[in-house]
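S.K.: Below are the chains, spelled out letter by letter.
There are 2 protein chains.
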Amino acid sequence: MKILKESGFSAEKIVENGNKFLIGNGYLGYRGTLDEFGAKECVGLNIAGLYDGVAGKWRETVNAFNPFYCLICADGAPLDVRGENIFSHEIALDMEKGTFFRETVFSVGGGRVTLFSERFISAVEKDLLCSRLRLTSEKNISLHITAGIDADIWDLNGPHLCEVETHCGGTFAEASGKTQELGIPVRVVCTFSHPLKRVRGGMGEISINLKAGESFVLDRVARVLVGEEGFSETDFLTAQEAHRREWARLWSLARLDAKGDARAQFALDYSVYHLLILAPKGNYSIAARGLSGQTYKGAVFWDTEIFLLPFYMDVLPQCAKRLVEYRVNTLPAAREKAKSYGFGGAFYAWESQNGYDACSDFNVTDVFTHRPVRTYFKEKQIHISADVAYAILKYYGRTQDDEFMLRGGLETVLSCAEFARTYSYYNHVKKRYELLDVIGPDEYHERVNNNAYTNYMFYLTAKEGVALAEKFLKKYPACGEKLLENLPAKILEKLKEWTEKLYLPQPNGEGIIEQFDGYFRLEDVGVEEVRSRLCHPNEYWGGSGGVATATRVIKQADVIMLFNLYPDLFSEEIRRANYDFYLPYTEHGSSLSRCSYAIAACNIGRREEAYSAFLESAEIDLRGGGKQWAGEVYIGGTHPAASGGAWIAAFYGLGFGKKEDLQ
Amino acid sequence: MKILKESGFSAEKIVENGNKFLIGNGYLGYRGTLDEFGAKECVGLNIAGLYDGVAGKWRETVNAFNPFYCLICADGAPLDVRGENIFSHEIALDMEKGTFFRETVFSVGGGRVTLFSERFISAVEKDLLCSRLRLTSEKNISLHITAGIDADIWDLNGPHLCEVETHCGGTFAEASGKTQELGIPVRVVCTFSHPLKRVRGGMGEISINLKAGESFVLDRVARVLVGEEGFSETDFLTAQEAHRREWARLWSLARLDAKGDARAQFALDYSVYHLLILAPKGNYSIAARGLSGQTYKGAVFWDTEIFLLPFYMDVLPQCAKRLVEYRVNTLPAAREKAKSYGFGGAFYAWESQNGYDACSDFNVTDVFTHRPVRTYFKEKQIHISADVAYAILKYYGRTQDDEFMLRGGLETVLSCAEFARTYSYYNHVKKRYELLDVIGPDEYHERVNNNAYTNYMFYLTAKEGVALAEKFLKKYPACGEKLLENLPAKILEKLKEWTEKLYLPQPNGEGIIEQFDGYFRLEDVGVEEVRSRLCHPNEYWGGSGGVATATRVIKQADVIMLFNLYPDLFSEEIRRANYDFYLPYTEHGSSLSRCSYAIAACNIGRREEAYSAFLESAEIDLRGGGKQWAGEVYIGGTHPAASGGAWIAAFYGLGFGKKEDLQ
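Chains as they are written, first to last, in the working numbering: chain A, 1 to 663; chain B, 1 to 663.
Chain A on its own, in the form it takes in the complex (with noise of 0.2 Å):
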């Protein structure tokens, strides 16, 4: 149970099954390759918070050398997935282990040669990953495998380690470096159960005579050791026993109950594994591919803090409070940034790289032109600050962590507040603040007014940090001046008045809240005769020039979303004939889209429709199939918040509680 199998090879996964198959710990991800496979076929090794810029290049995570590259020939002939030789071939995702196998049977010679391999990352250690492998024939051969570290890194916009020297010897190899950026030492060592005989860089050959029906194994123990990180010696076994205890632990606090469901478990069972295997271990967050590679710059989106912190205060609550606290710890940045477009407040990184914002002014290229095109998602797409407010109010509404907030959780929440405020214009003629030129969530209308979920989601984030202030100050006197000591002098008057004033969209006549001013006199046609107005399959559908700028149509969940967020905000009948009204408007370009609805429509008492929504989020890197490359750019990866979102969907909406709930 709870094993992804594949069986059979296809040069065209290669990529896709990467993502599909991938392990983790929330620190390292491994991409779900093979022993034989290297740069070329996406090999990864993703170190979570780990960011380095290469001149001219977008700024990324970082990826370490792969210590657990290994080739084989059998008597001459390769052990290799491409090959001519294959017998049998199989690949399996244990989720209960969180374990990555593989068994390929070779013909060689007349005889059957097994090459059986498993992976994992531990769950205990964040920074130790091992695999085992073991070589079993039909008849006697002679083996020669070439294993150690593969120094040759897969990345987007690298490389990202110089100065690198590779060791290997004995049952010892070593590959270091350091990032171009900031100069931080990456290093990975590797311990062998087997001596090797170096032959070039971090890779030694080991050549042994196998007799039939007897086994060779290999054990790998390898460290990914950042900075001046030390490492312990450990075996396979012993490392494996406490990742698989640990395993098992997490899965009882996480495994929920499809009530029989067979497909619907095996999907949630699958997005449970990818939030699992994203839990951080440190002080970073969720990047909004995960652990799957470099796309998007590794950055932490507004995803982490609306689709995945739900899960973890559920589940793992001190990786929540490592989630909110990512954010608490990078308000210096956000209020750099804040002030560089002249606002007060905090203004947060649209892409977030420990703070510092990743996203550029051209982030689409045009597809007719090769040109960039500006953008305005980092200039423009202020409710990032509201969604972090947003989470940091629920953390606090569900732990009621005083201390957490009391250092810098409320101070953050009032600074995004201060933000909008600042951000906002008064339109003097109709008395009332409020919020023009923004993105919301739909990115494809660019620079609107008052986008509903931008406003609402401020007039909230204020309205409750003022009243969470006042609590804070009567609660605790002595800490009261240091809690706005950071702070504009009237902090809480100057907001009050604010919300009081803020415009807050009302639903009209048939009970629709417009998106933001103006949309109701955009075009009213529906995804399918805007996408047959493409020229190219791979136009941006936003921007001045795109299909769907003049339309109705959105890319994503945006008024939808705030009655996830804030349930109560409307009457149910409000809700759902707004979701009637926008679903047929919906694209769903972001794999942030299905979940929403999938919420939504639990909200509305919509089971069925919650229901294939749910399946369509959850199963999004089953699936796979979806774009992985867009020009020559890799834009794949695992769908994190697609997972979540179904988390979300499952848990509070379709009833799937959890087991021991339920025994």
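Please keep in mind that the hints were generated in silico from the structure rather than gathered at the bench. Hints are not guaranteed to be accurate.
Remember, identical chains collapse to one label, so a pair may be satisfied in a single copy or spanning two.
What the hints assert, rightly or not - Pairs of lysine-lysine, BS3-like flavour, derived with a Cα cap of 27 Å:
1. Lys259 to Lys281
2. Lys430 to Lys378
3. Lys139 to Lys197
4. Lys482 to Lys2
5. Lys463 to Lys394
6. Lys490 to Lys430
7. Lys496 to Lys471
8. Lys431 to Lys501
Chain A is fixed; fit chain B onto it per the hints.
M.R.: Just chain B, lined up with the frame of chain A:
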């Protein structure tokens, strides 16, 4: 003197010469085409101020039936300039007489046949146009002449006339129809000096034998009658005499003296000629391409107020009054437009067709996708209302015409200011009003904040409007109430408070006024670098994906324009610094740009630069060769604003005074 000539015939120049050799009388324009040409050769008899729209196409001015069609056969050989039998060919525009001439000598049966024709549109009677045809031959020949009214009209977005009826017989021909949209009757009648036998439609034929050395003359006297207009008969010579007298009078008023500089004199005469043939005869204004056709929908832009009005104020004050009255008369439509966008006051049409805004929300077609691109000219180019107010204030400053101001002029100015006041937002952090989300004269940068030109122009509109209103309330206490009766309560107090707090961008340390918020942060590259990035010659430079968008490259004078309109606003030092700063970034993608720089150069004592920019501007239609077609849309025509701007530079800057002033 003052005759523009061109010898020889080239089919490629048919369209260009149609513009270059245009005749007109402010109401009617007739392109410089030949007798034997038809719709395919862009023969056009354009009517000012008469608009029609055909379903699904742009509304535009109506072209009338062509009364001057004529095809001659001599001994069976067609006398067509496109034929093989051309001995010589010349066309001429006698600017002094407002008359177009054509002389073509054909080789027919060993002898020469000369086809001479002239035509003029009466400078005296607005609906009258005359033509004289003279045929001479070296040998006896038989002539077969087909002449009459060609009802096949060249239209960009037509056909505009339906229910067409034609008649021809004796010395009379007629074609009549109705506009599609409003059913307005349009009738062209023509009398001939020789009877015709009807052949088809409005055409008849004449067959005669012409003796060697003798002439055959055919005069045609035509009228274009719109609505229920009737007509009176006249003959060619009577009409010609009155016409020439009027042209002599016009030139005596208008001619400037370039002090012996023959090139400048000719360019200046040509510019003045174009301004004279556009002087309106009724309740309409001047279109951006004058009377040369339907380009830009025959609509009236800010060109008229800013670049043309000065000439008429100096030379033909009654025409200047018509121009400003056109805006006063269309105040209701401007109020309607403001209201439709949710604002108060008067928001003038970006492309005015008697007040109606002809500008589309999709004014550009993408050259790669062939899809319409959402543009914001109509919605965001709010400075049009300031330009209108500026013209009225200037007109009043010159004429002190209190009655005009009391009869709507002042109400218009205040309504324009009120529009800007309600359009503006209050920046509650910086304690000032701002004009957000606008397009300035430089259209390549859409949706910018605090465009300096726009902010200052509205500031001065409001300030001068209020001052005038206060003066009038004192001077005419009886009219006081009526003056403000259609304006919001306390309008003057409101506008005063607004002007006190409106943000006016100030020169920076180097004396440069930032064109709009953030302009200085744009990529600092020049025009040629940006041009080199084009992937298609007809690409639009602006919008979100244009090559200029993210750079400092601008379409036309913007900050510099402000200095031209209010030379005393800033010191010469500041004006010089801005001139030097912005000129290298200016693409001059608009014909309004060179003349603006010419005027600006005059104002900072750069005579040489001014002179060369003046010439570039004054010769724009002499040079021709500009873009005539964009994809399948004809965009060519004359450039009155460039003529008007050249005149301003010549008269006010270069010291090319009036002839009589110098005698």
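S.K.: All hints, please: hold or fail.
M.R.: Status of the hints after comparison with the structure:
1. For a Cα distance limit of 27 Å, the shortest separation of Lys259 from Lys281 qualifies neither inside one copy, at 32 Å, nor across copies, at 85 Å.
2. In this assembly of identical chains, Lys430 and Lys378 lie within 27 Å of each other by CA distance solely across copies; the values are 23 Å between and 29 Å within a copy.
3. In this homomeric assembly, Lys139 and Lys197 come within 27 Å of each other (Cα to Cα) only inside a single copy, at 26 Å, whereas the closest approach across copies is 111 Å.
4. With identical chains, the CA atoms of Lys482 and Lys2 are never at most 27 Å apart, being 50 Å at best within one copy and 84 Å at best between copies.
5. Proximity of Lys463 to Lys394 under the C-alpha cut-off of 27 Å is restricted to the intra-copy arrangement: shortest distance 14 Å within a copy versus 52 Å between copies.
6. Both within a single protomer and between protomers do Lys490 and Lys430 lie at most 27 Å apart by alpha-carbon distance, with minima of 25 Å and 17 Å respectively.
7. In this homomeric assembly, Lys496 and Lys471 come within 27 Å of each other (Cα to Cα) only inside a single copy, at 15 Å, whereas the closest approach across copies is 44 Å.
8. With identical chains, the CA atoms of Lys431 and Lys501 are at most 27 Å apart both within one copy (7 Å) and between copies (17 Å).
Checked against the numbered hints above, the structure violates hints 1, 4; every other hint is satisfied.
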